[in-house]
Every structure is written in C-alpha cells, then in structure tokens.
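S.K.: Protein chains in written order, with this note's numbering: chain A, 77 to 435; chain B, -7 to 253.
Hints are not guaranteed to be accurate.
[Unchecked claim] Simulated pairs of lysine to aspartate or glutamate, EDC-like, Cα-Cα distance not exceeding 20 Å:
1) Lys321(A) with Asp343(A)
2) Lys279(A) with Asp229(A)
3) Lys141(A) with Asp229(A)
4) Lys253(A) with Asp350(A)
5) Lys150(A) with Glu153(B)
6) Lys150(A) with Glu150(B)
7) Lys279(A) with Glu289(A)
8) Lys177(A) with Glu153(B)
9) Lys189(A) with Asp229(A)
[Claimed, not checked] Label-pair restraints from in silico Cβ distances:
10) Gly133(A) with Val103(B): 46 to 56 Å
11) Ser88(A) with Phe83(B): 17 to 27 Å
12) Arg246(B) with Asp285(A): 19 to 29 Å
13) Ala65(B) with Asp185(A): 51 to 61 Å
It is worth saying that the hints were derived from the structure and are not from the lab.
Glycine included, C-beta positions come from ideal geometry on N, C-alpha and C.
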Amino acid sequence: MARVELKQITKSFGILKAVHESDVVFEEGSFTTLLGPSGCGKTTILRMVSGLERPTGGDILIGGKRINDVPIHKRNLGLVFQNYALFPHRTIAENIAFGLKYRGVNKADAAQKVTEALDIVRLPGVEDRYPSQLSGGQQQRIAMARAIVIEPDVLLLDEPLSALDANLREEMRVELKSIQHRIGVTTIFVTHDQSEALAMSDKIIVMSDGRVEQVGAPAEVYNNPASVFVANFLGASNIVDVDVKGRGADTVTLDVPHFGAITLHADRATNLGDATRGKLVMRAEKLHLADGASPEGTVSTRGVVEAVDYQGQLARYFVRIGETRFQAMNMIDGVPFAEGAEVSVVLNPDDCSVLANEA
Amino acid sequence: MSAWAFIRFYTILVYTFMFAPIAVVLLLAFNNSQFGGFPIDGLSLRWFAELFENEAIMRAFRTSFILGLMTAAVATTVGILAALALVRYQFRGKDWVTTFLISPVLVPETVLAVGLLIFLRWLHMPRSFTLLLLGHSIIALPFVVLVVQARLVGIRREYEEAARSLGASPVQTFFSVTFPLLLPAIFAGALFAFTISFDNITATIFWRPSGMETVPTQIFGMLRHSVSPEINALGFVMICITVGVPLLAGGLARYFSRRKV
Ligand SMILES: Nc1ncnc2c1ncn2[C@@H]1O[C@H](COP(=O)(O)OP(=O)(O)OP(=O)(O)O)[C@@H](O)[C@H]1O
Ligand SMILES: [Mg+2]
Chain A
77 MARVELKQIT KSFGILKAVH ESDVVFEEGS FTTLLGPSGC GKTTILRMVS
127 GLERPTGGDI LIGGKRINDV PIHKRNLGLV FQNYALFPHR TIAENIAFGL
177 KYRGVNKADA AQKVTEALDI VRLPGVEDRY PSQLSGGQQQ RIAMARAIVI
227 EPDVLLLDEP LSALDANLRE EMRVELKSIQ HRIGVTTIFV THDQSEALAM
277 SDKIIVMSDG RVEQVGAPAE VYNNPASVFV ANFLGASNIV DVDVKGRGAD
327 TVTLDVPHFG AITLHADRAT NLGDATRGKL VMRAEKLHLA DGASPEGTVS
377 TRGVVEAVDY QGQLARYFVR IGETRFQAMN MIDGVPFAEG AEVSVVLNPD
427 DCSVLANEA
Chain B
-7 MSAWAFIRFY TILVYTFMFA PIAVVLLLAF NNSQFGGFPI DGLSLRWFAE
43 LFENEAIMRA FRTSFILGLM TAAVATTVGI LAALALVRYQ FRGKDWVTTF
93 LISPVLVPET VLAVGLLIFL RWLHMPRSFT LLLLGHSIIA LPFVVLVVQA
143 RLVGIRREYE EAARSLGASP VQTFFSVTFP LLLPAIFAGA LFAFTISFDN
193 ITATIFWRPS GMETVPTQIF GMLRHSVSPE INALGFVMIC ITVGVPLLAG
243 GLARYFSRRK V
C-alpha cells in the first residue's frame, strides 16, 4: 500500500503530446478513477505509473520515493488488463503463482496463497484448469487474483470490465470494489464509462485531451462540474448563459432565460468566481416535466415535447422552450408524455450549479 | 468431351508427369536387377544393404545430417532474435533490415553462392565446413524469420507486460512466456531450416571444400558415371526423410497442442 504522486508529468509520442503537465495524487488505500473519453491519455498515465512507458518529463513518486528509473519488474505493482492477459500455456494455479516465484515464496506457501486468492475472488477449485476453459467473467477474477496475490503497493486496472457484457459488468464492479475495500490497496482504475466511475470511486479524475479537467469525489464532480466538458461528460446536461443579478451572504441570484430568477447556495457557485455572467448547468435528470399548470412555489416554464427516447422505466425527452432545446430524463409515472405534448418544465435550483464563462 | 472432363484429364496428366518419376525411383529401389528398368524381376532390399555398406554415401549422410542440425540451430537462434527485434522494438532502418534478412529468398541461389565465394576470396579465407554452415544458415534464415515473426505478431504484448509487472526480468519474461508461446513456430522454423539444408545442392556445390560431400552432391557425383540402382535406394531414403520429418513434426505439434489446452 502506498500513496502515488505524479508531479508535472508529461508524455509525448513524437509530436503528439498525450499528457500535458499534470499533478495528480492517488491517496494511500483509496480507489481513484481516471475518467475521460477515448484518447485523452488515461492509459498513458497508467502505463507511466506501471513503468511500461517512460514519462517525457516530471516525476513519479510511490510511497514518497521517486521511481522514474526503477524498471517495471522491481516496482511491485498489480496490473489488470482489459483482455486479462492470462498466460494461455499455464494453468490457473500457475498463472496466479507466477509473481510469487520471483518473490522467493516456496511451493507450499505459494499453493496456500493461490487458494486464498481464489477464495477472495470467489472462484475456488479451478486451480488445474487452463484460462481458455473459463468464461470472461471468471478470467477477469483470475486476472484480479494474480494481481493481488503478490500484495502489490498499487493496483492498476485498465478498463478491466469493458470486455464483459452489461449484466456481468455491473455485478463485477460491485465485486471489484468490495475486493479492493477488503484488501485496502491503493487502486488506480481507468475507464471511459461514467456510471462505472461514479459507482466505484473514492475520487474521480476527469481528463480531456491530455489534461486534468477536475478532481473530486463522485458527488462533487457530478453535482458541481468545474467545466462545460465535465458537465457534458458526466451525464447529459442543459447549459444556458445566465446573468448574475445579485449576491447574498452565501447565495447567488441568477437570471435564467425562460425560467426567471433563481437563487443558488454559494456552494454551487464556487466555479463562478466573481464573474457577472456565467453558465448554468441543469442536469437532464433534474429537469421535471409536469402536466398542466406549473405547481405553486416552483421555478418553471412551459415547453413542447419534440421527441421521446423511451428507455423502459426512464424516458429521455427533448423539449423545446422558446428557441432552445432542453433534455429531460424522467422516471415514467404511468404513461410517458407523447410527442407534441405541452408540458411545464420544473427546475429545482438546489440541483443546479453555475460555472464562469470560459474565455 | 465436356470442358470439365478435359480439365480432369489434363490435371491427371500433369500430376502423373510430376509424380511418375518419383514413383519410378521408389519402385526401382526394390528391384532385384542389376540394371534398373522395367519390368521388375523380383523384389529385394539388396540396394539398401549396399547403401549402408558404401562408406562414401554413409559419410555424405553424416555430413548432411550434422550440417542440417547445425543449420537449424544457427538459423533458429538468429531467426528468433531477429524476429523479436523486428516485432517488439522500434529502431531506425527497420525496413532495410527486414529486406536484408529476407533477400536470400529473392536472390537467385547461384548469385548468392558466387557472391559469398568472392567475398571469402577477398578475405583470403579458404572454403570450409564453417562457410558451408554459414551459407546454409543464410539461405534458411528468411524462412525462420518469417515463421517466427508471423507467430510473434499474434502474441499480444500484454502477456509479456503482465509477466514483467509480476516481477519477471526481461530475460525471465522471454523464457517463461514468450518462448513457450513461440514454441510451435520455432519448431516449424527449425524443421524448415533442416530440410532446406538437407536437400540444398546448387549453393552447396559452390561452397563445399574439396573432398566433402553432402547427400545431394554425392548423388549428383554418382549420376555422372552411371545410374546405379543404389541411387534409387538413396532417393527412397531421401524422400522418406524430407517428407517424413515434417509430417512427423506436424503430428507431434498437434498432439502437444491438444494435450496442453
Ligand atoms: N505508443 C504510442 N505511440 C504513439 N501514440 C500513442 C501511443 N500510445 C498512445 N498514443 C496516443 O496518445 C493518446 C492517448 O492515448 P491513451 O491510450 O492514453 O488514451 P486513452 O485515454 O487510454 O484512450 P482509450 O479510452 O481509447 O483507451 C492517443 O492520442 C494515442 O493515439
Ligand atoms: Mg486506454
């Protein structure tokens, strides 16, 4: 177990700069997720921590020690790949015991540890099988067992769930998180799936184009995105330009087109600074459509449903308000609204956050 | 006659033309008569017996065998290393190196043979067994490189990266992961190298030191005097080796791969 720190780390591939000067900290024992779209540099950061890639600049510290020049096989890290990379020519027991051999563990102890590791990943009794005789989810567990049995200082997971089908993926993410919780190893998890990141992480690092966009707990990143990019990447958001009308002791009052004046708690305006104009972020799942007149005491306006994307218990509505198209994700209560329906759109100010206008 | 019948007839004719001489050799090897020819007047193994008593032929066999094994060893070792470099590492001039390694297949063997001889003359080195080994290795190398390379491309890098992350040094990683996964290709490459060396004649004639004979040059030499029935027996043995060894190896490889997984 150890804290991992990246200081002013950069990586270039020829003329392409995959990672721009970034400072990142992975706290001891925490589960931290690198989240971002394809090609934003997540894997590159993970590979630099693991030693598979040399940073172009900056330092990597594990447990306070600079390890830039330590080769990968001396770093004591557990690595889990998207395709598991179990050795096809070795049995499950041999796969799991592979790392123990280089740590001078004798045969009897190794067998004992293999059994324990298989218990941890809840797949006992498969010691003598070959990887090709296991299902994808089972191979995933073995890959996990192989990585944790060496008691690594840091566990590195690169999209370990993306090769699994949807149901298994949700099951495995609970499983993975609980294994990590039990052994308490510092974990760096890479994904481009926002729901995975929100569900599993202690801390999320949102990246875009080789830069860190925001760092924070899942709720923080979700509720209070630091940029338009983050707001759009974590779920669908409606973003509108707003004027700042006034500021109270710990409130900010904004003039929102169509909806009128709303007052936010200052917590939700930390990214606004002293600006007089800003962007209001309204989460699609926080805009509520209602039949008939707007309920009393709410901030609301009227709109027309333009399109409905039916998703079972949920529906995504595209609603036209004036010249603007808004998205609203609502639970379906009875019958979903039909296209062309006139609805009132209700906004709860406590669910919004506001950003400064980006230059 | 319909077009299909014609094609069938023509195909049979072509194959007959190609395989009939081989069949003749195989049959005559068992002919009792002193003068090779049909009809066969009695089966016997006497030509095989004479073969084994012919000191020159047995010497040629030993030479060919040792040369083949050593060529396989050299070409396979160099071939594995070359394929590793070409597939796993980035360096400048890689395309040139690839072309250079493969070129012995493209250059006519006579040109290659004369070229190497002139080069050695220039270095004031005499023809020797080492030269022969070197030459055969050069001729066999492209096949080993191509076979091993093809397999290596198919072995995902993550296996090696996983091994490294678990604590194996680069060399340990090679022997515990890369090598076992490459084994079928290495085996096939070595076999190629052996057979290529074993039945090479053109280049061998140029390179062999005087007095040294391999099986093909020995046959060639014997043919210049007369077609002795011994040659038919020798041909039979050669065919058995060059066809049988790869078949046997293929069978073994399939047996092992089935047992493994
Ligand atoms: N070995 C390499 N050589 C050249 N460019 C590379 C190399 N590895 C990565 N890149 C480039 O660096 C950028 C970041 O790649 P990286 O693999 O880190 O993205 P990622 O965030 O992991 O994306 P994904 O979600 O698709 O895995 C990409 O533009 C990629 O093309
Ligand atoms: Mg990636």
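S.K.: Does each hint hold? Answer for all of them.
M.R.: Going down the list of hints, with the structure as the test:
| no. | hint | verdict |
| --- | --- | --- |
| 1 | Lys321(A) with Asp343(A) | 17 Å, holds |
| 2 | Lys279(A) with Asp229(A) | 18 Å, holds |
| 3 | Lys141(A) with Asp229(A) | 12 Å, holds |
| 4 | Lys253(A) with Asp350(A) | 40 Å, violated |
| 5 | Lys150(A) with Glu153(B) | 13 Å, holds |
| 6 | Lys150(A) with Glu150(B) | 18 Å, holds |
| 7 | Lys279(A) with Glu289(A) | 13 Å, holds |
| 8 | Lys177(A) with Glu153(B) | 16 Å, holds |
| 9 | Lys189(A) with Asp229(A) | 17 Å, holds |
| 10 | Gly133(A) with Val103(B): 46 to 56 Å | 52 Å, holds |
| 11 | Ser88(A) with Phe83(B): 17 to 27 Å | 19 Å, holds |
| 12 | Arg246(B) with Asp285(A): 19 to 29 Å | 50 Å, violated |
| 13 | Ala65(B) with Asp185(A): 51 to 61 Å | 39 Å, violated |
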